[in-house]
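Engineer: Below, each chain spelled out in residue letters.
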Amino acid sequence: MRTGTQARKYRLQGAGLDLALPYLMLAPGLTIVLGVLVYPLWDGLRASTRAYRYGSPVADVGLQNYLHLWSDAQFLNALWVTVKFVALSVSFEAVLGFALALFCLHEFRGIRLLRTVLIIPMVITPVVVAIVFRLIYASDAGMLTALSKATGGGEVQILGNPLNAFIGLVALDVWEWTPLMFLILLAGLQSLPHEPFEAARVDGAGAWRVFADLTFPMMRPVLAVAIVLRTIDAFGTFDQVFVLTRGGPGEATRLISIYGYDTAFKFQQTGYAAALFVTIGLVVLALAFSAIRLLRRVDAS
Amino acid sequence: MSNRLSRILTTIFVLAVVLLPIYWLVSTSLKSNREITQEGTLYPHVPTLDNYVRLFTEKQFGSYLTNSLVVTFFSVAIALIVGAMGAYAIARFRLPFAAERKVGLFLLTLRIIPPVVILIPVYLLMLSLGLLDSWLGLIATYTAFNVTFCVWMMESFFSEIPVDLEEAAMVDGDSRFGAFRRITLPLAAPGLAATAIFAVLVTFNEFLFALALTATPRAMTMPRGTATLIGRIDTDWASMAAAGVIGALPIVFFALLVQRHLVRGLTMGAVK
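From first to last, the protein sequence lines are chains A and B. Counting from 1, position 221 in the first sequence corresponds to residue 220 in numbering that gives the first Met the number 0; the numbering is continuous, with no gaps. Counting from 1, position 194 in the second sequence corresponds to residue 193 in numbering that gives the first Met the number 0; the numbering is continuous, with no gaps.
Be aware that one or more of the hints could be misleading.
[Unchecked claim] Pulled a few chain B residues facing chain A out of the computed Cβ check, cut under 7 Å:
no. : residue
1   : 10
2   : 139
3   : 146
[Claimed, not checked] Capping the alpha-carbon separation at 20 Å, the derived lysine to any residue pairs in SDA-like fashion look like this:
no. : chain 1 : residue 1 : chain 2 : residue 2
4   : A       : 148       : B       : 33
5   : B       : 101       : A       : 30
6   : A       : 83        : A       : 251
7   : B       : 101       : A       : 295
8   : A       : 265       : A       : 148
Bear in mind the hints are in silico, worked out from the structure with no lab data behind them. The beta carbon of each residue, even a glycine, is placed where N, CA and C say it ideally should be.
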């Protein structure tokens with residue numbers, strides 16, 4: 000992501016104010032970030048080692064909050080639901096987005112309309128996306144029920160049934176974020192060199208051979224980055240669930256972020272919730288860094 | 000020929016999948032609640048704008064919109080100015096111990112951490128500063144989030160601009176900062192636009208912190224206000240749909256207007 004920028008850096012001479020300039024230019028941004036992000040981060044770490052009652056700390060409990068997480072069935076369930084949700088959504092998005100990008104690689108009439116329309120799902124406010132899907136899934140007023148009734152069927156139950164609600168949530172995420180996958184992968188496909196493909200065509204290679212031997216291997220880095228970006232993002236999903244199901248029915252769609260939010264604001268267990276969020280943060284960072292390392296190795300070989 | 004047909008069919012299918020949910024939202028917003036629940040019509044038989052009127056007369060959607068616009072404008076503007084300076088410093092200067100690189104990496108790391116992680120301490124911070132339920136509290140929070148990716152995005156745009164141009168300006172007597180302001184900044188304008196657009200999208204749509212940090216129409220943003228409406232009246236589908244349309248309209252309109260820059264901003268980084 001920073002390739003080559005270091006090499007292109009120049010050191011310009013300066014005197015007086017110019018010497019202080021880099022620090023002066025960095026200072027405002029860093030001040031804001033330190034005050035509003037880094038200090039709370041540190042504060043959160045501190046809170047995670049404490050027990051709270053009625054919103055104020057009452058005792059230092061060391062790492063107890065962290066240890067407690069792993070024997071908390073609700074936490075483990077939320078973690079499992081989150082992992083399932085992320086894995087399913089991102090896989091579907093990657094496959095569909097890639098297929099769509101390959102499909103759109105050849106210019107044809109209507110492609111501009113398609114690309115414009117595909118922007119809509121990912122720019123709509125996530126809260127509104129959730130409203131859209133509630134209006135689709137609602138058993139009394141929903142689109143699915145209306146369609147089913149129009150064709151002679153009965154009410155369709157989505158949000159009241161644990162499995163259906165979970166699938167419904169995945170469908171929402173796929174609807175919302177496949178377009179982003181598509182755009183990233185399309186940009187990647189368009190930046191591939193032409194020569195190997197022309198050579199393959201001269202050699203008479205079939206479409207599947209070209210894909211398996213050329214397109215896919217060359218696209219691997221872009222695909223990996225897109226998947227990593229989406230995975231990190233999906234891990235923090237909150238808005239859509241909050242409005243669509245609020246985690247229910249039961250705990251069927253209660254993602255880790257929802258559980259943490261409820262722990263903090265509904266059950267007022269500030270310290271425990273802080274420990275939970277620190278743990279999520281560490282998991283996501285570990286995920287991101289191992290992904291970056293993996294990508295570097297792929298790049299090098 | 001069959002190739003062409005399959006293309007047309009695929010295009011229609013994709014368009015339908017994307018647009019049908021949106022059609023249903025808009026169409027529901029034009030029906031009365033009676034029509035929605037009792038008749039289950041597929042399109043509004045008696046279209047009405049009552050749902051929209053009610054949002055503004057009874058549900059304070061005017062304030063939500065104002066709050067959203069004010070908060071988005073200030074947090075994006077401040078983050079852009081501050082971020083552009085920081086990004087330039089990282090792109091052009093070499094500090095002792097490679098400090099500028101470390102700052103860049105540090106901001107990127109902060110960007111990766113899901114925002115929900117610092118929700119509680121930010122809430123406690125705003126509580127202690129008396130900034131809950133105020134524009135200022137939201138602006139401070141969103142500005143900080145925006146700075147982390149503004150710096151990171153703009154750094155790559157500045158790096159693409161040849162340093163010779165600035166050197167020429169400085170030989171002609173410009174100061175370092177003057178060269179930045181008069182030469183580099185205008186050249187990086189498309190990149191800055193892409194960054195700004197991305198920041199507007201993210202900020203306008205933000206919900207989690209608005210949920211925790213605001214409580215009344217005094218500071219509630221559009222997504223926050225919309226969600227409140229849902230909590231309170233569970234089966235008022237007509238209002239909910241109209242709120243969805245009003246909530247999404249400004250940002251969708253904006254996105255389609257600046258489409259080209261938007262795609263560049265969204266796909267950047269990933270392909271590089």
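Engineer: Can you confirm whether the C-alpha distance between residue 101 of chain B and residue 295 of chain A stays at or below 20 Å?
Structural biologist: Status holds; Cα separation ~19 Å.
Engineer: Please work out if residue 101 of chain B and residue 30 of chain A have their alpha carbons no farther apart than 20 Å.
Structural biologist: holds (16 Å)
Engineer: Between residue 83 of chain A and residue 251 of chain A, is the straight-line Cα distance small enough, at 20 Å or below?
Structural biologist: holds (11 Å)
Engineer: With a cut-off of 7 Å on the beta carbons, see whether residue 139 of chain B makes it to chain A.
Structural biologist: holds (5 Å)
Engineer: So, residue 146 of chain B near chain A? Judge it on the closest CB pair being under 7 Å.
Structural biologist: holds (5 Å)
Engineer: Quickly compare the C-alpha distance for residue 265 of chain A and residue 148 of chain A to 20 Å and report which way the hint goes.
Structural biologist: violated (39 Å)
Engineer: Using Cβ atoms only, decide whether residue 10 of chain B comes closer than 7 Å to chain A, and label the hint accordingly.
Structural biologist: holds (5 Å)
Engineer: Quick one, are residue 148 of chain A and residue 33 of chain B close enough, alpha carbons at most 20 Å?
Structural biologist: Distance ~17 Å between residue 148 of chain A and residue 33 of chain B Cα, so the pair holds.
Comparing the model with each earlier hint shows a violation of hint 8 alone; every other hint is respected.
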